[in-house]
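Trainee: Here's the letter readout for the chains.
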Amino acid sequence: MSEKIIIIENLVKRYPVGEGEFTALNNINLTFDKGEFSGVVGPSGSGKTTLLNIIGSLDKPTEGKVIVLDKNISKLSHKESAQLRNLHIGFIFQVYNLLPVYTVFENVEFALILQKVPAAKRKKMVMEALEWVGIASMANKRPSKLSGGEGQRVAIARAMVKRPILVLADEPTANLDAKNAHAIIKTMKELNKELNTTFLFSTHDEKVMNYLTRIIHLEDGEVDRDERR
Amino acid sequence: MIKFIFKAILRDKNRSLLPVIIISIGVFLTIFLSGFLSGVMTDVIDQTARFQTGHVKVMSKAYAENEDQIPNDLALLKADSLTQALMTEFPDYNWVQRIRFGGLVDAPDNAGGSKGQGPSAGLAIDFFSGKSGEVERLNIVNALIEGNLPQKSKDILIGFVFADKLKLKIGDTITFMGSTMYGSLAFESFTISGIVNFGVEAMDRGTIIVDISDARRMLDMENASGEILGFSKKEVYNNENANLIQNAFNAHYAQSTNEYAPVMIKLKEQNNMASLLDYIDAFSAMFVIIFVLIMSVVLWNTGLIGGLRRYQEFGIRLALGENKSHIYKTLLIEAVLIGTIGSIVGTIFGITATWLMQVYGIDISGMVTGGTMMMPTIMRAKFTPELLYIGFIPGLIAMVLGNMISGIGIYKRETATLFKELEV
Chain D
1 MSEKIIIIEN LVKRYPVGEG EFTALNNINL TFDKGEFSGV VGPSGSGKTT LLNIIGSLDK
61 PTEGKVIVLD KNISKLSHKE SAQLRNLHIG FIFQVYNLLP VYTVFENVEF ALILQKVPAA
121 KRKKMVMEAL EWVGIASMAN KRPSKLSGGE GQRVAIARAM VKRPILVLAD EPTANLDAKN
181 AHAIIKTMKE LNKELNTTFL FSTHDEKVMN YLTRIIHLED GEVDRDERR
Chain E
1 MIKFIFKAIL RDKNRSLLPV IIISIGVFLT IFLSGFLSGV MTDVIDQTAR FQTGHVKVMS
61 KAYAENEDQI PNDLALLKAD SLTQALMTEF PDYNWVQRIR FGGLVDAPDN AGGSKGQGPS
121 AGLAIDFFSG KSGEVERLNI VNALIEGNLP QKSKDILIGF VFADKLKLKI GDTITFMGST
181 MYGSLAFESF TISGIVNFGV EAMDRGTIIV DISDARRMLD MENASGEILG FSKKEVYNNE
241 NANLIQNAFN AHYAQSTNEY APVMIKLKEQ NNMASLLDYI DAFSAMFVII FVLIMSVVLW
301 NTGLIGGLRR YQEFGIRLAL GENKSHIYKT LLIEAVLIGT IGSIVGTIFG ITATWLMQVY
361 GIDISGMVTG GTMMMPTIMR AKFTPELLYI GFIPGLIAMV LGNMISGIGI YKRETATLFK
421 ELEV
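Quick note, the sequences are listed as chains D and E, same order. At position 176 of the first sequence (counting the first as 1) the number is 176 in the numbering used here, and the numbers step up by one without a gap. At position 178 of the second sequence (counting the first as 1) the number is 178 in the numbering used here, and the numbers step up by one without a gap.
Hints were generated in silico from the structure; no laboratory data involved. Please note that the accuracy of each hint is not assured.
Mimicking BS3-like on lysine-lysine, the simulated pairs with C-alpha atoms at most 27 Å apart in a straight line are [claimed, not checked]:
| # | chain 1 | residue 1 | chain 2 | residue 2 |
| --- | --- | --- | --- | --- |
| 1 | D | K65 | E | K324 |
| 2 | E | K165 | E | K154 |
| 3 | D | K145 | D | K123 |
| 4 | E | K329 | D | K121 |
| 5 | D | K141 | D | K124 |
| 6 | E | K324 | D | K116 |
| 7 | D | K145 | E | K13 |
| 8 | D | K193 | D | K179 |
Using the sequences and the accompanying hints, generate a full structural model.
Mentor: Below, the structure is given as structure tokens:
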């Protein structure tokens with residue numbers, strides 16, 4: 001029997017807008033199994049990023065229940081949320097968001113420093129992660145010296161270095177050309193198979209969708225279709 | 001983690017350079033101005049103590065009441081035994097007798113007439129016993145610009161401005177005319193053995209200095225002394241200590257109604273020194289407080305600007321699993337590192353500038369011409385050990401305080417809002 005790592009029940013998320021409220025997510029019910037390679041798709045403003053932020057414990061539900069790795073997101077303190085992300089969740093962003101003052105190696109290493117991993121072990125883990133994404137030779141370069149594809153590979157290595165159970169990727173190929181987009185998504189697919197890491201994408205990129213085993217279509221904050229492939 | 005933060009400080013000049021420059025300038029100014037103020041004020045106090053007040057001074061009660069008029073007719077009698085008693089009771093102080101006197105100096109010409117005359121302020125000290133330390137205390141050897149110290153009775157030193165005015169040179173004879181202790185005419189001729197420049201306008205203008213034995217004979221003050229000055233053997237004025245011995249000494253004569261009974265007065269109670277000493281303390285404290293306030297406000301704003309610039313970084317770090325308190329803590333560690341670097345740089349420059357100002361000083365002789373205040377004509381700073389921390393600690397506090405205030409913004413925003421504002 002597959003292990004459920006995300007359980008979402010009756011999720012509603014509203015934001016105050018002026019005097020009223022804007023409903024970003026409405027009555028979402030979803031579960032995700034360990035090892036899934038799935039994606040949330042939909043037009044801009046459909047609630048994709050909000051859903052990922054709540055699953056990543058960066059935001060709280062207004063109503064309903066979201067259980068991630070047996071933790072109820074609504075009930076986590078700020079510190080517990082940070083710990084959940086630190087230990088078990090990796091983030092990949094549209095614009096890479098590498099820390100410009102640090103080298104590639106140090107950017108990837110940062111997540112392990114937060115986990116207080118000893119220096120020798122850190123070095124081994126970082127180099128391993130850089131090799132997974134094929135940029136070990138660029139370990140000493142600064143982010144400003146990297147191409148878009150290389151930058152996104154560093155971001156993947158940073159998300160994967162701590163061997164998270166769940167990786168949340170928000171539009172990871174939006175700034176990449178077709179060739180790089182395919183290469184990046186292939187790399188993630190390989191890591192998904194090799195490490196059994198669960199990947200959850202937010203995307204509207206056809207190239208990404210072709211690799212996904214499950215696609216959840218969001219429309220105006222509601223699940224329109226849950227398509228398994 | 002600290003190593004990681006330090007790397008970022010070194011590499012990101014925008015993050016570190018401006019605060020380091022601000023802190024350095026602030027620390028530099030605090031140290032330099034404190035050193036300069038301390039130097040000038042200490043010089044004024046020191047000169048006043050050495051030339052006029054001592055650290056404590058014993059006079060007759062009546063003399064003390066009219067001290068400005070130098071009333072030698074009210075001088076202390078049996079001064080030698082009183083001095084001996086003071087030495088015995090207060091051995092931590094050096095005790096010396098001095099007589100101040102005023103009169104007219106005449107410079108005779110070769111024809112037996114007068115080539116010039118002028119009012120003089122006389123000072124009689126112990127030159128010849130070799131035990132008083134007065135020559136060193138008044139720095140007379142260094143002040144001599146011509147000639148020698150008095151070697152024998154009736155030798156006299158004269159201020160260089162006075163000598164210029166009367167066209168006097170070494171070996172010339174001058175005649176002093178004044179009043180004895182008992183009101184009769186005092187009349188004595190002296191030979192100029194040296195010309196002095198103390199660098200104090202009030203001293204150089206009309207001063208003559210003779211041995212106290214000559215003054216006693218001339219002024220008919222046998223075994224009498226206008227003043228007995230006490231100087232702490234530590235050579236630094238300590239108000240608490242001066243207060244203790246003042247109270248102890250004056251207690252002996254508290255019941256006496258004799259107007260010739262001795263009374264001891266400490267430096268702080270003479271020549272309006274109380275307000276001067278209080279000014280020094282107040283100004284020093286003011287420098288530090290103003291510095292911390294201004295620097296904190298400036299660094300708060302610098303921190304806010306830096307914080308805004310680094311919102312993206314904070315968002316990434318939140319996503320990586322760092323919690324707000326840890327981010328805040330690392331900001332403060334950064335502040336300590338940057339504050340330490342800035343404070344060290346500012347302290348080095350501040351101490352160097354203070355030292356240079358101590359060695360070379362600023363010549364203000366043109367500004368104090370004609371002045372009567374006992375102040376040096378070269379203003380110098382003074383290096384004291386407290387300068388090593390007087391700027392350093394406030395520099396560090398200001399940087400940390402500024403960052404603490406600006407960093408509160410991290411807490412005021414919800415994680416998701418902060419995350420969104422970062423355009424992550």
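Trainee: Just to be careful, I want the Cα atoms of K65(D) and K324(E) compared with a cutoff of 27 Å; is the pair within it?
Mentor: Holds, at roughly 24 Å.
Trainee: Does K123(D) sit within 27 Å of K145(D), going by the straight-line distance between their CA atoms?
Mentor: Within the cut-off at roughly 22 Å; holds.
Trainee: Need the status of pair K193(D), K179(D): alpha-carbon distance at most 27 Å?
Mentor: Answer holds: K193(D) to K179(D) is near 21 Å, not above 27 Å.
Trainee: Hint check: K165(E) vs K154(E), CA-CA at most 27 Å. Holds or violated?
Mentor: holds, 22 Å
Trainee: Within 27 Å, alpha carbon to alpha carbon, are K324(E) and K116(D)?
Mentor: Satisfied, since the Cα-Cα distance of roughly 17 Å is no more than 27 Å.
Trainee: Between K145(D) and K13(E), does the CA-CA distance stay at or below 27 Å?
Mentor: holds, 18 Å
Trainee: Given the hint that K329(E) pairs with K121(D), test it: the Cα-Cα distance must not exceed 27 Å.
Mentor: Satisfied, since the Cα-Cα distance of roughly 25 Å is no more than 27 Å.
Trainee: Next pair to validate is K141(D) with K124(D); report whether the Cα-Cα distance is within 27 Å.
Mentor: Given that 27 Å is the threshold and the Cα spacing comes to 18 Å, the pair holds.
Comparing the model with each numbered hint stated earlier shows that all of them hold.
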